[in-house]
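**Student:** As a plain string of letters, each chain reads:
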Amino acid sequence: MSSSGDRTDGRLPTAYRAVGGTSFVEFLGAQAPHLLPGGERREHLGAGTVVEAPHGTTIVALTFRDGVVVAGDRRATMGNLIAHRDMDKVFAADDYSVVGIAGTAGVAVEMVRLLQVELEHYEKIEGTLLSLEGKANRLATMIRGNLGNAFRGLAVLPLFAGYDPGPGTGRIFSYDVTGGCYEEQRHHSIGSGAHFARGALKKLWHPGLLREQAVAVAVEALYDAADDDSATGGPDLGRRIWPTCAVVTELGVELLPETDLEPTVQALVEARRDNPGGAR
Amino acid sequence: MTFPMYVSPEQLMKDRADYARKGIARGRSVVVAGYDNGMAFVAHNPSRTLHKVSEIYDRIGFAAVGKYNEFENLRVAGIRYADLRGYSYDRSDVTARGLANAYAQTLGTVFTQESKPYEVEICVAQVGPTAASDQIFRLTYDGSVTDEPGYVAMGGATEPLTTGLRERWEPGMSLASALRLAAGLLRPGAEPASGPLSAEELEVAVLDRRRPRRAFRRLGGPLLDALLSPDDPTSDIPTQDDRRPGPHDLLTGAPDA
Chain A
1 MSSSGDRTDG RLPTAYRAVG GTSFVEFLGA QAPHLLPGGE RREHLGAGTV
51 VEAPHGTTIV ALTFRDGVVV AGDRRATMGN LIAHRDMDKV FAADDYSVVG
101 IAGTAGVAVE MVRLLQVELE HYEKIEGTLL SLEGKANRLA TMIRGNLGNA
151 FRGLAVLPLF AGYDPGPGTG RIFSYDVTGG CYEEQRHHSI GSGAHFARGA
201 LKKLWHPGLL REQAVAVAVE ALYDAADDDS ATGGPDLGRR IWPTCAVVTE
251 LGVELLPETD LEPTVQALVE ARRDNPGGAR
Chain B
1 MTFPMYVSPE QLMKDRADYA RKGIARGRSV VVAGYDNGMA FVAHNPSRTL
51 HKVSEIYDRI GFAAVGKYNE FENLRVAGIR YADLRGYSYD RSDVTARGLA
101 NAYAQTLGTV FTQESKPYEV EICVAQVGPT AASDQIFRLT YDGSVTDEPG
151 YVAMGGATEP LTTGLRERWE PGMSLASALR LAAGLLRPGA EPASGPLSAE
201 ELEVAVLDRR RPRRAFRRLG GPLLDALLSP DDPTSDIPTQ DDRRPGPHDL
251 LTGAPDA
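Protein sequences appear in the order of chains A and B. Following the numbering used here, the numbering of the first sequence begins with 1 at its first residue and continues without gaps. Following the numbering used here, the numbering of the second sequence begins with 1 at its first residue and continues without gaps.
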């Protein structure tokens with residue numbers, strides 16, 4: 001009846017009633033390890049086997065006066081093919097943090113889902129929110145657990161950002177494939193178009209940006225990434241596909257609706273007419 | 001030659017049941033009652049940190065009376081059960097009925113096999129899209145499970161509570177009237193002389209069916225005072241959460257921080 005395998009007579013196994021554990025990932029690892037991202041698949045793949053799977057591409061994040069903005073393009077690629085044109089790669093992890101994903105889309109989406117349950121699980125058991133560093137570290141542990149997959153070309157590299165009520169600012173964390181977690185200042189970008197996006201962010205970001213300005217900067221950085229990186233999707237006016245954009249402030253996470261993004265993107269495309277590099 | 005003293009199974013079970021019942025009767029009571037837009041949990045509990053009522057999953061709440069360490073154990077087990085099930089299938093596949101069954105089996109096994117039964121009584125409630133689809137399950141120390149229509153009272157001296165609810169609770173009543181009814185019935189020791197319990201002595205939470213995903217909210221501050229006061233026109237909670245940083249599950253109605 002259950003996925004946990006060792007349930008007897010439908011009663012909750014002793015491990016469920018064990019005292020102290022607040023981590024869903026640890027509980028899952030003990031009760032149903034095959035459900036961990038990349039869990040059971042490990043044995044079927046010899047080392048050195050490289051799997052072709054859709055990859056997510058560029059994510060940008062920047063702080064502004066009231067918090068942090070995270071935006072991602074909508075494209076997933078598989079080799080030279082476009083696997084998806086309208087994939088969402090920026091997700092709310094909980095009420096005060098978001099995660100944007102680059103790398104193998106399947107594993108990354110599973111990891112985000114697990115992170116969401118992990119944070120909510122802690123919140124329900126402890127009755128309090130995990131600190132922002134605590135959340136960033138939980139994600140680092142999951143990435144570390146995925147190292148075996150990374151050797152097979154199934155690496156996941158997320159960008160984590162959130163509002164820290166202590167200092168009252170937005171903060172950004174990046175990761176490496178071994179689970180290293182680094183706090184970034186001001187802005188950061190990850191994924192195949194990250195170099196171009198970062199160049200744009202350096203020139204466009206300045207302290208004390210307002211919310212609308214920060215969203216415009218994020219959209220413009222993605223535009224520049226798409227301009228030079230074929231794996232990053234640019235604004236698709238014909239299909240009306242806009243970037244995913246999340247704003248995190250002390251009021252929580254807000255994923256911007258299309259009605260907000262459309263005018264921003266349209267204005268940017270208009271401004272770039274006869275000025276492809278955005279010189280100013 | 002000595003024989004071990006013979007105790008009939010009836011006597012053994014009766015002793016265990018008496019033991020558990022005595023433990024539960026010592027504690028303060030909890031009322032769970034449906035209202036037009038959801039389900040209200042009202043516990044006589046002056047503590048702000050040791051909860052008797054809590055969130056299990058998106059649409060499922062939990063209330064308990066008896067020994068804290070024992071029901072806390074069950075609460076955590078329920079959260080683990082629900083999160084694991086929701087993660088491996090889908091969030092919509094987590095139901096109060098499934099959880100109540102797991103609790104019933106667990107309590108039943110503990111009652112017959114362990115050296116002492118759990119001195120707890122718990123309630124698992126779920127809100128559906130309409131009041132007709134709401135579910136309340138009551139579980140006792142021996143694993144018996146009952147499906148309660150609309151309301152349930154648990155803990156010490158539940159007789160007057162249940163009678164009061166039977167006479168005065170009605171389907172589709174507003175949150176404010178449900179809370180005032182519960183606060184009026186939850187008097188310590190059921191002394192008719194004392195007035196209804198004040199907000200400080202109550203732990204109040206709701207499952208609000210109008211909220212999109214997580215329906216559980218604790219109530220406190222000016223909002224709870226307004227709901228409990230018979231002179232105040234406030235009859236339900238706002239559909240917008242408090243605009244302030246911090247855990248989202250507490251509604252106080254306090255002005256913007």
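No lab work stands behind these hints, which were simulated from the structure alone. Just so you know, not all the hints are guaranteed correct.
[Unchecked claim] Distance ranges between label pairs, derived from CB positions:
#1 A:Leu255 x B:Pro222: 41 to 49 Å
#2 B:Pro233 x A:Asp9: 31 to 39 Å
#3 B:Ala17 x A:Thr178: 37 to 45 Å
#4 B:Glu10 x A:Arg113: 49 to 57 Å
#5 B:Glu200 x A:Glu258: 40 to 48 Å
#6 B:Asp241 x A:Gly79: 42 to 50 Å
#7 A:Gly134 x B:Pro238: 45 to 53 Å
#8 A:Thr178 x B:Met13: 38 to 46 Å
#9 B:Glu10 x A:Gly134: 21 to 29 Å
C-beta atoms are modelled at their ideal positions from N, C-alpha and C, and glycine is treated no differently.
**Student:** Can you name, in rising order, the numbers of the hints this structure does not satisfy?
**Tutor:** 1, 2, 3, 7, 8, 9
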